[in-house]
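Chains as they are written, first to last, in the UniProt record's numbering: chain A, 1 to 389; chain B, 1 to 389.
Hints listed in this document are in silico derivations from the structure and should not be mistaken for laboratory results.
Values in this document were obtained by computation on a predicted structure and should not be read as measured data.
Hints may be right or wrong, so weigh each one.
Remember, identical chains collapse to one label, so a pair may be satisfied in a single copy or spanning two.
Unchecked claim - Here are the simulated DMTMM-like pairs of lysine to aspartate or glutamate, each with C-alpha atoms no more than 25 Å apart in a straight line:
#1 K322 x E201
#2 K48 x E67
#3 K182 x E312
#4 K322 x E280
2 protein chains.
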Amino acid sequence: MNMHVAGAVAPSFDVANRLEAFAADFECDHPTLILDIDRVEEQYRGLKAGLGRAHIHYAVKANPQREVLERLIALGSHFDAASKGEVELCLSLGAQPHQVSFGNTVKRARDIAWAHEHGITLFAVDSAEEIEKVAENAPGAEVYVRLIVEMSPGDWPLSRKFGCDHDMALELLDHAREHGLKPVGFSFHVGSQTRRAEMWEPVLKVFSRTWAAALENGHDLSLLNIGGGFPAFYGEPIEAPAAYAAGVMELVESYFPNVPRVMAEPGRGMVAEAGVIVAEVMLVSRKSDRDMHRWVYLSIGRFSGLAEAEGEAIRYQFLTEKDGEAMGPCILAGPSCDSADVLYEKRPVMLPTSLKSGDKVLIRNCGAYTTTYSSVCFNGFPPLGVHIL
Amino acid sequence: MNMHVAGAVAPSFDVANRLEAFAADFECDHPTLILDIDRVEEQYRGLKAGLGRAHIHYAVKANPQREVLERLIALGSHFDAASKGEVELCLSLGAQPHQVSFGNTVKRARDIAWAHEHGITLFAVDSAEEIEKVAENAPGAEVYVRLIVEMSPGDWPLSRKFGCDHDMALELLDHAREHGLKPVGFSFHVGSQTRRAEMWEPVLKVFSRTWAAALENGHDLSLLNIGGGFPAFYGEPIEAPAAYAAGVMELVESYFPNVPRVMAEPGRGMVAEAGVIVAEVMLVSRKSDRDMHRWVYLSIGRFSGLAEAEGEAIRYQFLTEKDGEAMGPCILAGPSCDSADVLYEKRPVMLPTSLKSGDKVLIRNCGAYTTTYSSVCFNGFPPLGVHIL
Numbered sequence: 001m002n003m004h005v006a007g008a009v010a011p012s013f014d015v016a017n018r019l020e021a022f023a024a025d026f027e028c029d030h031p032t033l034i035l036d037i038d039r040v041e042e043q044y045r046g047l048k049a050g051l052g053r054a055h056i057h058y059a060v061k062a063n064p065q066r067e068v069l070e071r072l073i074a075l076g077s078h079f080d081a082a083s084k085g086e087v088e089l090c091l092s093l094g095a096q097p098h099q100v101s102f103g104n105t106v107k108r109a110r111d112i113a114w115a116h117e118h119g120i121t122l123f124a125v126d127s128a129e130e131i132e133k134v135a136e137n138a139p140g141a142e143v144y145v146r147l148i149v150e151m152s153p154g155d156w157p158l159s160r161k162f163g164c165d166h167d168m169a170l171e172l173l174d175h176a177r178e179h180g181l182k183p184v185g186f187s188f189h190v191g192s193q194t195r196r197a198e199m200w201e202p203v204l205k206v207f208s209r210t211w212a213a214a215l216e217n218g219h220d221l222s223l224l225n226i227g228g229g230f231p232a233f234y235g236e237p238i239e240a241p242a243a244y245a246a247g248v249m250e251l252v253e254s255y256f257p258n259v260p261r262v263m264a265e266p267g268r269g270m271v272a273e274a275g276v277i278v279a280e281v282m283l284v285s286r287k288s289d290r291d292m293h294r295w296v297y298l299s300i301g302r303f304s305g306l307a308e309a310e311g312e313a314i315r316y317q318f319l320t321e322k323d324g325e326a327m328g329p330c331i332l333a334g335p336s337c338d339s340a341d342v343l344y345e346k347r348p349v350m351l352p353t354s355l356k357s358g359d360k361v362l363i364r365n366c367g368a369y370t371t372t373y374s375s376v377c378f379n380g381f382p383p384l385g386v387h388i389l
Numbered sequence: 001m002n003m004h005v006a007g008a009v010a011p012s013f014d015v016a017n018r019l020e021a022f023a024a025d026f027e028c029d030h031p032t033l034i035l036d037i038d039r040v041e042e043q044y045r046g047l048k049a050g051l052g053r054a055h056i057h058y059a060v061k062a063n064p065q066r067e068v069l070e071r072l073i074a075l076g077s078h079f080d081a082a083s084k085g086e087v088e089l090c091l092s093l094g095a096q097p098h099q100v101s102f103g104n105t106v107k108r109a110r111d112i113a114w115a116h117e118h119g120i121t122l123f124a125v126d127s128a129e130e131i132e133k134v135a136e137n138a139p140g141a142e143v144y145v146r147l148i149v150e151m152s153p154g155d156w157p158l159s160r161k162f163g164c165d166h167d168m169a170l171e172l173l174d175h176a177r178e179h180g181l182k183p184v185g186f187s188f189h190v191g192s193q194t195r196r197a198e199m200w201e202p203v204l205k206v207f208s209r210t211w212a213a214a215l216e217n218g219h220d221l222s223l224l225n226i227g228g229g230f231p232a233f234y235g236e237p238i239e240a241p242a243a244y245a246a247g248v249m250e251l252v253e254s255y256f257p258n259v260p261r262v263m264a265e266p267g268r269g270m271v272a273e274a275g276v277i278v279a280e281v282m283l284v285s286r287k288s289d290r291d292m293h294r295w296v297y298l299s300i301g302r303f304s305g306l307a308e309a310e311g312e313a314i315r316y317q318f319l320t321e322k323d324g325e326a327m328g329p330c331i332l333a334g335p336s337c338d339s340a341d342v343l344y345e346k347r348p349v350m351l352p353t354s355l356k357s358g359d360k361v362l363i364r365n366c367g368a369y370t371t372t373y374s375s376v377c378f379n380g381f382p383p384l385g386v387h388i389l
């Protein structure tokens with residue numbers, strides 16, 4: 001989309017779509033996420049086409065922006081909520097209680113009671129204590145037991161924070177039944193950014209044995225929640241949403257034939273590519289004349305929206321107006337006085353050598369896990385702004 | 001402070017002061033920081049007694065709570081601001097422009113201009129480009145050059161994000177003078193939590209050579225900014241503030257005799273011990289029957305106030321009502337669905353074995369780097385609340 005002006009080529013961003021074109025011209029005083037809600041709809045339709053009979057429960061935590069939720073409600077999406085706050089938000093925007101699952105395995109007792117009073121009937125659990133809390137505060141509710149994925153195929157394997165093992169999962173189904181709950185099935189999370197559908201196979205295979213064991217134990221299971229892991233593009237090739245989702249569902253049908261209900265919880269895969277952040281270069285410097293790399297400081301960092309750069313896990317893509325010029329490696333850091341606010345250092349980022357303070361930078365595919373991860377007022381910097389296209 | 005009630009010992013917190021006693025009785029629906037402003041004053045007076053002729057520039061980023069700043073302004077403190085937002089906050093509460101330094105070496109050009117228009121005269125720099133920005137937007141201003149500490153003695157050595165080396169520092173003084181600025185001296189940061197005054201010696205020794213070289217080059221230096229590093233109590237012994245500060249100043253006077261102006265920038269050391277967080281246990285669980293450790297999930301995590309638990313760097317101290325009972329190791333995690341929201345896993349935390357969902361937990365010495373580091377609405381959880389004692 002370089003524009004030719006009377007014989008000369010004016011520098012401009014090599015944008016890929018109307019969202020990036022809009023962002024390239026957008027002026028803002030502090031870093032702002034531009035969101036294209038039509039792009040969310042396009043992604044929903046692609047995922048839905050591939051997932052077929054599975055219910056999509058959008059993982060609200062990825063981006064709880066009102067306009068995103070409203071569009072998804074209009075499209076018939078269901079929702080996965082991580083807290084009372086997210087349940088409340090979905091209901092307030094018109095989602096029906098049966099469309100909202102309370103998917104955090106760590107819930108406050110009074111939040112369970114609140115959700116139960118407001119019609120929520122489906123809760124995640126992965127421990128005896130949580131089952132007892134749900135039984136006491138949402139008597140008779142449906143629960144699914146989250147299984148731990150010991151060998152994640154994802155780019156960003158999750159920690160052992162959530163889920164339980166095969167033996168404990170079977171015990172918990174019994175425990176739930178003994179406490180008057182309806183243990184309806186299992187959930188798991190393959191790991192963030194599981195880039196190809198075929199990578200799901202070993203995980204589905206392992207859990208199909210747990211499913212079979214539960215049936216043998218007399219549990220009339222009806223629900224398989226395959227969680228998230230649906231990828232977004234951060235530079236490494238990924239499959240298109242419809243093909244990816246269809247590939248996953250083919251594996252699901254093969255390892256879990258005739259399972260009555262399937263749930264999927266895309267978050268990143270639904271919204272990441274619908275957002276672009278507009279930021280700027282604050283400073284370009286070297287620490288000494290012997291330094292191999294430049295340091296480039298942006299107006300946005302780990303504490304103002306790019307939390308997922310922690311451990312250099314998610315590698316964002318940067319666009320500048322000088323991208324056609326000579327490029328060189330640099331260490332990328334945020335604007336705060338915090339020494340931990342460094343985005344990429346172990347694997348430096350290639351940026352134009354002529355980059356300087358004040359230059360605009362677009363950060364691609366930032367629609368997920370940015371706005372609400374931004375801190376309240378770290379170092380006196382306001383949180384990430386949002387502009388709806 | 002256990003209270004004896006008619007022949008039985010009611011469980012209670014083993015509190016150390018009136019702040020913790022208040023927190024023990026405080027009821028709140030979500031995690032809240034209780035701040036004791038008198039405790040801030042006590043700390044200021046201790047540090048001031050030890051620092052003597054040095055000006056204290058409180059590092060606003062540690063806790064920009066209005067009541068903290070108002071008390072410090074009343075006590076005559078100066079301030080170190082990390083952004084336009086922090087400069088604005090200090091001035092709006094009555095600090096005089098000459099009392100506020102703009103200490104971030106990464107500033108937006110228009111924020112420098114804004115600060116200059118509002119009377120700020122002292123800026124930190126560590127690169128040629130930043131000097132040019134200051135020269136253009138705050139002509140004639142005083143600048144100090146930040147030096148990089150290559151071998152930090154602190155518990156939490158800073159990254160190479162800030163500062164420049166000896167040779168470049170000398171070049172930058174020339175560069176500043178050539179651009180019409182007043183290069184008045186140097187700053188550095190020994191590293192967070194430098195627990196004993198004697199640990200400053202090697203750093204001061206190295207930089208005294210840079211200072212001498214600058215004088216030889218004809219720079220009439222007048223300012224040494226010794227930065228932060230003043231410790232708070234997180235379980236490891238530290239010196240009392242007055243003794244610690246006096247020890248540091250003795251070393252400063254010995255390595256930098258007759259330096260006209262000395263600045264110190266305590267942040268954590270000023271406010272950490274003036275705050276206690278009130279939180280609760282959300283869940284206690286195991287992942288399998290073979291698990292060695294329990295997992296304890298709190299209502300607060302890395303994204304809702306305890307950002308400094310990253311890398312298990314800062315080890316917070318926890319109080320419960322059951323601390324007298326049998327204790328056992330556990331992995332401590334936050335309430336969100338984020339798998340990275342784990343506080344302590346490599347070095348588990350000892351907590352009562354009878355701990356369960358709903359139990360209140362006090363977190364000691366949390367007055368620094370908690371409130372504004374809290375995210376806007378991560379996973380639908382509200383940011384850390386604040387209550388002034």
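Cross-check of the supplied hints:
1. K322 x E201: Neither way: K322 and E201 sit 43 Å apart in one copy and 46 Å across, limit 25 Å.
2. K48 x E67: within (19 Å within a copy, 52 Å between copies)
3. K182 x E312: neither (41 Å within a copy, 39 Å between copies)
4. K322 x E280: This pair counts as within: shortest intra-copy Cα distance 13 Å, inter-copy 51 Å.
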